[in-house]
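Visitor: Sequence:
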Amino acid sequence: MRVAIRQPDVGSSMTLRDAERYCAGMARREAKNFYWGFIALPRPKRMAIYALYDFARQVDDEADRAVTDRAPVNLTAHRERLQRCLAGDYADPVMRGLGAAIERYQIPAEELDQIIAGVAMDLERSRYASWEDLQQYCRLVASSVGRMCVRIFGYDDEEALLRADDLGQAMQLTNILRDIREDHAEYGRVYLPLDELARFELCEEAIVASLAGNGTGGSDPGPGWAPFVHEQAKRAWALFDSGVQVSRMIPKSSAACVLTMAGIYRDILRQIEQDPALPLTRRASLSSRSKLGVMARAWLRAA
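In the numbering used here, the protein residues as written are 2 to 304.
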């Protein structure tokens, strides 16, 4: 279970450098996969990405609180924080860092708003009838962040924003497959398209039952489970293939960042594709050594 991350008020004594140190520390603690990509960036872009990640993480955590009846109030507070930040009034170190990023890289307010709108969907619904419904959610919570990252990276072709949209969807769909057990056990959510479950003769009750029992889970929800997972993986692979093309449209250091993050998520997706029952048992992950290997290959490819 995630816990709220407390942060000090900015006050008159907190400089931008102080805020950047705070944001860097939070990103280092919380961004278990993304951080491996972040470190490829030159300092100004890295500080901006830290602040953007921290803001998105704080907003996302509101939907994952154990006491969910507080979340709507807290989302309102996040909207107010953002509006104050856009007006140059920084309530805390993350907003101080984000404000500098917004000013330097011309990040549109509507894309920041989309993060909050996506998290609001988590408070309003816990099931998705179709991929089209789920795709809307993925675009709000992930593609919006991808586009803002590209604005920070710098790009020479407007197509980069479209590719970032696809990459965000690919990574979010990988998250969804990876976190099936956690999302239901801790938050009561099922992010799998219900119409596609039905097409593979699967029902939510069987999936939930496969997660129950002695705490280890992993029982088979039905013969259609592996084909269903492979179908979702096929969709994610297509989105990855399109999304990683953004690396050709941004500077080399930024490309190394993107290829590292995408590489880690592709390896997670590969684990799930090879063992469709894995998400019913535990969360797929990579060791630090494996992540280091992905990072090294990404840097060589970007160069």
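Any given hint could turn out to be false.
[What the hints assert, rightly or not] Below, computed lysine-lysine pairings styled on DSS-like, alpha-carbon distance capped at 30 Å:
no.: 1; residue 1: Lys253; residue 2: Lys235
no.: 2; residue 1: Lys253; residue 2: Lys33
no.: 3; residue 1: Lys235; residue 2: Lys292
no.: 4; residue 1: Lys292; residue 2: Lys253
no.: 5; residue 1: Lys33; residue 2: Lys235
no.: 6; residue 1: Lys33; residue 2: Lys292
To be clear, the hints were calculated from the coordinates, so they are not data collected in a lab.
Visitor: Each hint should be assessed against the structure and marked as holding or not.
Guide: Evaluation of the provided hints:
no.: 1; hint: Lys253 / Lys235; result: holds, 28 Å
no.: 2; hint: Lys253 / Lys33; result: holds, 23 Å
no.: 3; hint: Lys235 / Lys292; result: holds, 23 Å
no.: 4; hint: Lys292 / Lys253; result: holds, 19 Å
no.: 5; hint: Lys33 / Lys235; result: holds, 25 Å
no.: 6; hint: Lys33 / Lys292; result: holds, 10 Å
Violation of the numbered hints given earlier is absent; every hint is satisfied by the structure.
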